[in-house]
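2 protein chains.
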Amino acid sequence: MRNVQQKLSVARGEQPADLFFQNANLVNVLSGEIHLTGVAVDDGRVIGLGDYEAAKVIDLQGAYLAPSLIDGHFHVESSMLTAPEFARAVVPHGTGAVVIDPHEYANVLGLDGIRYVLESSKNLPVDFFIMVPSCVPATPFETAGAQLTADDLRRMMADERIAGVAELMNYPGVYLGAESELAKIAAGKGKIIDGHAPGLRGKNLNAYVLAGVRSDHESTEREEAREKLRLGLHLLLREGSTERNLTSLIPLISPHNAANCSFATDDKLASDLVSEGHIDHAVRKSIQHGLLPMTALQIATINTARHYRLRNYGAIAPRFWADFIAFDDLKNFTVRQTYKKGILVAENGKYLARQPAPVPLPRSTMNLRYQPGDLEVPALGGGKIRVIEIVPNQIVTREIIETPKVADGRMVADLDRDILKLAVLERHRATGNVGVGFVRGFKLKRGALGSTVAHDAHNVIVVGTNDADMIRAIQELERLQGGQVAVADGEVKAELGLPVAGLVSDQPLGEVIQRIASLNAAAHEMGCDLESPFMALSFLSLSPIPELKLTDQGLIDAVHLQRTSLFA
Amino acid sequence: MRNVQQKLSVARGEQPADLFFQNANLVNVLSGEIHLTGVAVDDGRVIGLGDYEAAKVIDLQGAYLAPSLIDGHFHVESSMLTAPEFARAVVPHGTGAVVIDPHEYANVLGLDGIRYVLESSKNLPVDFFIMVPSCVPATPFETAGAQLTADDLRRMMADERIAGVAELMNYPGVYLGAESELAKIAAGKGKIIDGHAPGLRGKNLNAYVLAGVRSDHESTEREEAREKLRLGLHLLLREGSTERNLTSLIPLISPHNAANCSFATDDKLASDLVSEGHIDHAVRKSIQHGLLPMTALQIATINTARHYRLRNYGAIAPRFWADFIAFDDLKNFTVRQTYKKGILVAENGKYLARQPAPVPLPRSTMNLRYQPGDLEVPALGGGKIRVIEIVPNQIVTREIIETPKVADGRMVADLDRDILKLAVLERHRATGNVGVGFVRGFKLKRGALGSTVAHDAHNVIVVGTNDADMIRAIQELERLQGGQVAVADGEVKAELGLPVAGLVSDQPLGEVIQRIASLNAAAHEMGCDLESPFMALSFLSLSPIPELKLTDQGLIDAVHLQRTSLFA
Chain A
1 MRNVQQKLSV ARGEQPADLF FQNANLVNVL SGEIHLTGVA VDDGRVIGLG DYEAAKVIDL
61 QGAYLAPSLI DGHFHVESSM LTAPEFARAV VPHGTGAVVI DPHEYANVLG LDGIRYVLES
121 SKNLPVDFFI MVPSCVPATP FETAGAQLTA DDLRRMMADE RIAGVAELMN YPGVYLGAES
181 ELAKIAAGKG KIIDGHAPGL RGKNLNAYVL AGVRSDHEST EREEAREKLR LGLHLLLREG
241 STERNLTSLI PLISPHNAAN CSFATDDKLA SDLVSEGHID HAVRKSIQHG LLPMTALQIA
301 TINTARHYRL RNYGAIAPRF WADFIAFDDL KNFTVRQTYK KGILVAENGK YLARQPAPVP
361 LPRSTMNLRY QPGDLEVPAL GGGKIRVIEI VPNQIVTREI IETPKVADGR MVADLDRDIL
421 KLAVLERHRA TGNVGVGFVR GFKLKRGALG STVAHDAHNV IVVGTNDADM IRAIQELERL
481 QGGQVAVADG EVKAELGLPV AGLVSDQPLG EVIQRIASLN AAAHEMGCDL ESPFMALSFL
541 SLSPIPELKL TDQGLIDAVH LQRTSLFA
Chain B
1 MRNVQQKLSV ARGEQPADLF FQNANLVNVL SGEIHLTGVA VDDGRVIGLG DYEAAKVIDL
61 QGAYLAPSLI DGHFHVESSM LTAPEFARAV VPHGTGAVVI DPHEYANVLG LDGIRYVLES
121 SKNLPVDFFI MVPSCVPATP FETAGAQLTA DDLRRMMADE RIAGVAELMN YPGVYLGAES
181 ELAKIAAGKG KIIDGHAPGL RGKNLNAYVL AGVRSDHEST EREEAREKLR LGLHLLLREG
241 STERNLTSLI PLISPHNAAN CSFATDDKLA SDLVSEGHID HAVRKSIQHG LLPMTALQIA
301 TINTARHYRL RNYGAIAPRF WADFIAFDDL KNFTVRQTYK KGILVAENGK YLARQPAPVP
361 LPRSTMNLRY QPGDLEVPAL GGGKIRVIEI VPNQIVTREI IETPKVADGR MVADLDRDIL
421 KLAVLERHRA TGNVGVGFVR GFKLKRGALG STVAHDAHNV IVVGTNDADM IRAIQELERL
481 QGGQVAVADG EVKAELGLPV AGLVSDQPLG EVIQRIASLN AAAHEMGCDL ESPFMALSFL
541 SLSPIPELKL TDQGLIDAVH LQRTSLFA
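Which chain is which? The protein sequence lines are A and B, in order.
Under my numbering, the residue at position 493 of the first sequence is numbered 493, and the numbers go up by one with no gaps.
Under my numbering, the residue at position 370 of the second sequence is numbered 370, and the numbers go up by one with no gaps.
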């Protein structure tokens, strides 16, 4: 590595640079122009625009050269990929940096989960910046693997890759001034405080902002987003696998407010990242919906870098990292080449970087205690019961009241009425907690589906037509040290091991995508017609979201945030 | 002062706010819109937009309400006003904050000068943020009152009103990697490093940026400014008393790059601040020259606040200081009312704030040692001499070669050829240094002009037709403890005392303007036809600027930066 004197000498043109990108149509997000120039790179940074001598010359032949793209808010666990395999998925799409909230890791592993992400995401062609999760556990109605206090948050802030405090989902706690939430905001002093306030408007939104929150990614309606922009919240325009808000929000964006906007995915599946793209998809879609290409590319680069204070990211000028994308068409924006610190790391969809040696997996997180009989529900009295009803493709559920089917003195699944048994087993500290309930919407005709991905505490969740297959699924999840399985007639039909915290696979991208497809196929073969059966399953324990959820502590009335009884 | 809980309660509307500004046409520089709303203020900050109850309601009747204006780069000494009297001049023009470089104070008083500015600018209706001067002394060819090292700079950085390191005028030192200059940049780590690089372009400009500089205010040509923008320098669009670059630079600015622009005055006289205006003048002129009002107002507010990391300045939204301006017309932008932390501090040109109790003046800075005979120049040999020629309204001078007029064996002024005697006397540490030379351009027919404002070391500078009046002027400057005087026939014709470091008056704004006018009138009456005789005088010792200058160390060849002889 050269010292400052040497770098300045290279910039002055007195000795050759490492690399020279010539004939670039530079998308200059600083001057707001596209202009033909050369770009000299040395020691991984841009050292000058203009004409330079260099050890290696790359002729761009008039192609556009823009800064690599940045995702302003992402939960990397939603891809079920380790950081290096996530890089494999997104680098060909031009991603150079991501601001992540390792909320799921933290719910399972606490600070160890955050440290694992920091460690496993080093030296990749995507730089990871981390917001420290602010809501672990999400509610007192589920048993998570860890709890993060304001002191824990403060302890993490010194690391330069920590960009601030992650989404403050307990937004009533914030605007009502709960000491715990204000302490978390204070812990992030000098860094960025991310928000999460779906539907919050008016005076309570004013209070939420006044408390110190600086961003929001939950606006689905344009007028809600407009109000948030007006109040000074940085607007993360979300386009993920399920939540897709771009079409609604783009008409709001102008060059006069784009500085306060970023693109974000929040949650996106590995298969969608590969086939549809990442932030490049948001840029493409925004341009198609009328945004000026310069505006879209500023949002995707410098505006996000500035908001999160990623000081040398998001532009092509002296001092900035040489994170570039090359492409041929502003309208049908498709990344042809991705460079990281000047090195070609993807070309024409192909990932060219060498994967680093894997870091040790975090400790085992499968710590279950249960008896087969734990899934049984005695049919006491003859009353009706509360049943969770799935709303396809949404994280909300409905509460319906049904008469249970009874066999041998026990409540059982009723395939005719699509009422299946659902169980959540605590897996972090062997409490023996088991919650059992019933759910409508899966339409399984046989077998069981099980998963250790179950928001937000990520206990074991199993849905099934019979206890034997449910137990078999749980046993297989234990054997895998976390994962997702489809079991029928005592036999594992498909499975994906998720040994990293029970959330993430240790396998390569292609293998993960293929196994997820096999799992979905198996579920469909067993009668389920949901598009994403395991995603639907994972949201059934998300206790902060209405109406009825099941956690290891039993049924939760998520409207009034209190425990409730199976018996209606 | 309310605690956080109480403030949130006010924001939620549960108790009345201090103030409510109703029926505002809010210039929302965050959302890039103008929209009708109310603004609630409590404890000096905005706590919400919308409808609120308040102890006091201010009906704006549809007037525009915008954030107060910010000057991105100003030397307050150029106004010759103390901070409170500067506030009196600019607050009626809508200024709410200034980023100043107390370069002149520092040259005279060192860190004490910076501390004096910090202290004397507290609790004013204009907030002062300070860049610590980086070039004290400017060159080794003049004797300043102090020297600031990188360690001195580092020592100041912790204060939250210190925004960074002031303009790095030794730009060759920076791009050539001089250790002293790199150390000053390093001292500003985490804060902003201001630049000053007139005419610098190409590879050396790349190196200047790479070294860590973040802004420039010296572009006079559009293409120079464009290049600086492209390289990531924040562009300070300068419009001062003498340097006026707006007309040239405005065509460069668009909503796609305005985030990287600020308005700045650099140097502006008290009389110009009062009559023409301050940043409001830049906004008005920019709009007249085609800038969109929203763009101009963003440049004048949030863009500058963000660049200098003035976290709660430059916008009207929860958490921001309630620094507002009200006005009626976007095209002929004229500030009607100025509010500081919600309090009306100026209306229709009238300053309404109470001036704070004056802080103690810094120590005396007049420490001269001289003999009347020091001004005499023996006529050795019969050779020609170097004479400084003034270029009206510019800080550059020319070197001309003339035959001196001799009387009684001494060189003397020659009124017919407009060759007057010029002397610079060191005044900081009684070294007894006296530089004597000759100057063309003042056209005085009698008397002498003297000043303790003489860039950058601010020694005593005197020009005159005869030694007796020059000595009388020096004596009067000593009596005043610094100032500016016009003397003729042994009599003081006009004077302005500048007891604050010999740079700034302790008198009110109106008195200062009137005395400056009297000084100019006296000079004109004595035959001078320069528009600003004392400003011209003050630049004759500015040793870094070509071609020929006079300091206490004698004549300086400012092209080759070396001492030179009177004898050609």
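Hints were generated in silico from the structure; no laboratory data involved.
Hints are not guaranteed to be accurate.
Identical chains blur together in the list; that is why a pair holds if it fits in one copy or across any two.
[To be verified] Lysine to any residue pairs mimicking SDA-like chemistry, simulated, CA-CA at most 25 Å apart:
1) Lys203 / Tyr64
2) Lys203 / Gly13
3) Lys191 / Ala357
4) Lys191 / Ala158
5) Lys56 / Arg154
6) Lys203 / Gly382
7) Lys341 / Val412
8) Lys203 / Lys341
9) Lys341 / Gln15
10) Lys350 / Ala430
11) Lys189 / Arg214
12) Lys331 / Ser254
13) Lys191 / Gly381
Hints, verified against the model:
Proximity of Lys203 and Tyr64 under a CA criterion of 25 Å is satisfied inter-copy only: 22 Å between copies versus 45 Å inside one chain copy. Proximity of Lys203 to Gly13 under the C-alpha cut-off of 25 Å is restricted to the inter-copy arrangement: shortest distance 6 Å between copies versus 57 Å within a copy. Taking the closest pair of Cα atoms, Lys191 and Ala357 never come within 25 Å of each other, the shortest separation being 31 Å inside a single copy and 37 Å across copies. In this homomeric assembly, Lys191 and Ala158 come within 25 Å of each other (Cα to Cα) both inside a single copy, at 10 Å, and across copies, at 17 Å.
Taking identical chains as interchangeable, the C-alpha atoms of Lys56 and Arg154 are never at most 25 Å apart, the minima being 45 Å within one chain and 40 Å between chains. When the C-alpha separation of Lys203 and Gly382 is checked against a cutoff of 25 Å, the pair qualifies neither within a copy, at 48 Å, nor between copies, at 86 Å. Proximity of Lys341 to Val412 under the C-alpha cut-off of 25 Å is found in neither arrangement, the shortest distances being 59 Å within a copy and 66 Å between copies. Only between protomers do Lys203 and Lys341 lie at most 25 Å apart by alpha-carbon distance; the minimum there is 21 Å, versus 46 Å within a single protomer.
In this homomeric assembly, Lys341 and Gln15 come within 25 Å of each other (Cα to Cα) only inside a single copy, at 19 Å, whereas the closest approach across copies is 54 Å. Proximity of Lys350 and Ala430 under a CA criterion of 25 Å is satisfied in neither setting, with 44 Å inside one chain copy and 74 Å between copies. Proximity of Lys189 to Arg214 under the C-alpha cut-off of 25 Å is found in both arrangements, the shortest distances being 12 Å within a copy and 24 Å between copies. Taking CA atoms no more than 25 Å apart as the test, Lys331 paired with Ser254 passes in both settings, with 18 Å inside one copy and 21 Å between copies.
Taking identical chains as interchangeable, the C-alpha atoms of Lys191 and Gly381 are never at most 25 Å apart, the minima being 57 Å within one chain and 71 Å between chains.
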